[in-house]
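J.: Protein chains in written order, with the working numbering: chain V, 1 to 202; chain C, 1001 to 1202.
Since the hints were made in silico from the structure, they are not lab data.
Some hints could be false.
[Said to hold, decoys possible] Among the chain C residues that face chain V by a calculated CB cut under 10 Å, a handful are:
#1 1092
#2 1117
#3 1153
#4 1164
[Claimed, not checked] Capping the alpha-carbon separation at 27 Å, the derived lysine-lysine pairs in DSS-like fashion look like this:
#5 C:1053 <-> V:178
#6 V:146 <-> V:156
#7 C:1117 <-> V:55
#8 C:1197 <-> C:1112
#9 C:1053 <-> C:1112
#10 V:146 <-> V:173
#11 V:173 <-> C:1096
#12 V:156 <-> C:1096
#13 C:1173 <-> V:156
#14 V:101 <-> C:1096
#15 C:1178 <-> V:156
#16 V:30 <-> V:94
#17 V:197 <-> C:1178
#18 C:1146 <-> V:178
#19 V:30 <-> C:1096
#20 V:117 <-> V:56
#21 C:1156 <-> V:156
#22 C:1117 <-> V:117
#23 C:1119 <-> V:202
#24 V:178 <-> C:1119
We put the CB at the ideal spot given by N, CA and C, even for glycine.
Protein chains: 2
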Amino acid sequence: MNESFFQLPQEKRMAIINAGFRVFSRHSYKNSPMSEIAAAAGISKSLLFYYFKNKKELYLFLCRHSTELTQQEITRQGCYDREDFFDIFLSGLKVKVQLMKRYPDLSLFQLKAYYEKDKELRGEINKLIGEYSGYETQAQMLKLDKSRFAEGLDLKMMYTDMYLASQGYLWEKLQGGKIDPDRMEKDLTALAEFWRKVYSRK
Amino acid sequence: MNESFFQLPQEKRMAIINAGFRVFSRHSYKNSPMSEIAAAAGISKSLLFYYFKNKKELYLFLCRHSTELTQQEITRQGCYDREDFFDIFLSGLKVKVQLMKRYPDLSLFQLKAYYEKDKELRGEINKLIGEYSGYETQAQMLKLDKSRFAEGLDLKMMYTDMYLASQGYLWEKLQGGKIDPDRMEKDLTALAEFWRKVYSRK
DNA sequence: AATATGATTGACCGATACGGTCAGGAAAGG
DNA sequence: CCTTTCCTGACCGTATCGGTCAATCATATT
Chain V
1 MNESFFQLPQ
11 EKRMAIINAG
21 FRVFSRHSYK
31 NSPMSEIAAA
41 AGISKSLLFY
51 YFKNKKELYL
61 FLCRHSTELT
71 QQEITRQGCY
81 DREDFFDIFL
91 SGLKVKVQLM
101 KRYPDLSLFQ
111 LKAYYEKDKE
121 LRGEINKLIG
131 EYSGYETQAQ
141 MLKLDKSRFA
151 EGLDLKMMYT
161 DMYLASQGYL
171 WEKLQGGKID
181 PDRMEKDLTA
191 LAEFWRKVYS
201 RK
Chain C
1001 MNESFFQLPQ
1011 EKRMAIINAG
1021 FRVFSRHSYK
1031 NSPMSEIAAA
1041 AGISKSLLFY
1051 YFKNKKELYL
1061 FLCRHSTELT
1071 QQEITRQGCY
1081 DREDFFDIFL
1091 SGLKVKVQLM
1101 KRYPDLSLFQ
1111 LKAYYEKDKE
1121 LRGEINKLIG
1131 EYSGYETQAQ
1141 MLKLDKSRFA
1151 EGLDLKMMYT
1161 DMYLASQGYL
1171 WEKLQGGKID
1181 PDRMEKDLTA
1191 LAEFWRKVYS
1201 RK
């Protein structure tokens, strides 16, 4: 990892990073050619190897960087100071949208990284972005104030529903290749408000 | 397409078909090697080329076959004689589950085919399994009896929610590589019953 | 102007993967 | 036996890709 990479003008550095997110989020690790990343960044393949000594280093740098960026944005937005469940969801959404404006393919990159199966990478990815625990366990751990939600509502199922629908939305956009932060904010906000209305105690 | 393929003992023919579904559902068309399909089917690559004159022919056969199978199962289950919306959803689920028991990767194969981007294939896929119209339009076309659902419920959003969550579930299982029809039936039935409870008029 | 230093490239290499072919060996049937 | 069908391993040409390298370009220094 050549230090000069960090001395690059922001524009060029971002171009390389985004090119990496882009290509890796659309194919598996193995099927993401360095040449394509270089082309997407507007530089030569050789120069890419000048900054990163090999493909693995680039990939792992992007893993690390993506979590740093996410963490940064989360604290910047003060996500977890909220107490209303749907507000938390919405602020989480805000984070993704803000991030997506600067790094259109970041969340898709992370999504793919969670599921990357390459033997040589799997272990290191876990260290960098954390193992994905599955929505079932997340739903288990949820501690919510029952009195704020509709009577008799199964909160675990509610969470499952919300999680799966958001995930389904993301996958759909990923496959379609259409990434539009504003559209995404609009769609998912509408969903969240729908849920708030349906699930809240009257 | 060698006619002798259809004279094969069912077991062997199914092995080949399922191998095709399996491999094509896990990679893109381009990245699905014929050798891997052959290996998964327990035959030699040469024999696979004996039955199908090239990769494209095999792929398109699988497209055709998967829709035929689905269509068959749908009429067999008499899906659309039901009138209750959630019953329709559940019978659709039954179709998928039944099919999945014989062809574990069929629905994943179709899901991938909808999004396959290969220039040479795109047109023919549409002809065989139909173009995917997007859930938004599906939600538009929905004609439901408002009086059966909770008062003031946004039916379009309800459908969007249900569609995205089911889709999210499928993607999640696809990526995790864990395909278990019974598990799927259990999970999605639970979701459907949850929705029925929340969305129905009290 | 000469030189040194780092940035950047195109051409190239070795390895590998893959679609497809082919000559010929088993099997099955007569 | 012989013929036809089934089936395989070895092989080929091509394309791709990670990575290298010598050469060039830009810039700053002497």
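J.: Would you mind marking each hint as holding or not holding in the structure?
T.: Here is what the structure says about each hint:
no. : hint              : result
1   : 1092              : violated (16 Å)
2   : 1117              : holds (8 Å)
3   : 1153              : holds (7 Å)
4   : 1164              : holds (4 Å)
5   : C:1053 <-> V:178  : violated (36 Å)
6   : V:146 <-> V:156   : holds (11 Å)
7   : C:1117 <-> V:55   : holds (25 Å)
8   : C:1197 <-> C:1112 : violated (32 Å)
9   : C:1053 <-> C:1112 : holds (23 Å)
10  : V:146 <-> V:173   : violated (33 Å)
11  : V:173 <-> C:1096  : holds (23 Å)
12  : V:156 <-> C:1096  : holds (25 Å)
13  : C:1173 <-> V:156  : holds (19 Å)
14  : V:101 <-> C:1096  : violated (38 Å)
15  : C:1178 <-> V:156  : holds (22 Å)
16  : V:30 <-> V:94     : violated (32 Å)
17  : V:197 <-> C:1178  : violated (34 Å)
18  : C:1146 <-> V:178  : violated (33 Å)
19  : V:30 <-> C:1096   : violated (32 Å)
20  : V:117 <-> V:56    : holds (14 Å)
21  : C:1156 <-> V:156  : holds (24 Å)
22  : C:1117 <-> V:117  : holds (23 Å)
23  : C:1119 <-> V:202  : violated (52 Å)
24  : V:178 <-> C:1119  : holds (18 Å)
The structure is inconsistent with the numbered hints 1, 5, 8, 10, 14, 16, 17, 18, 19, 23, although it conforms to all the rest.
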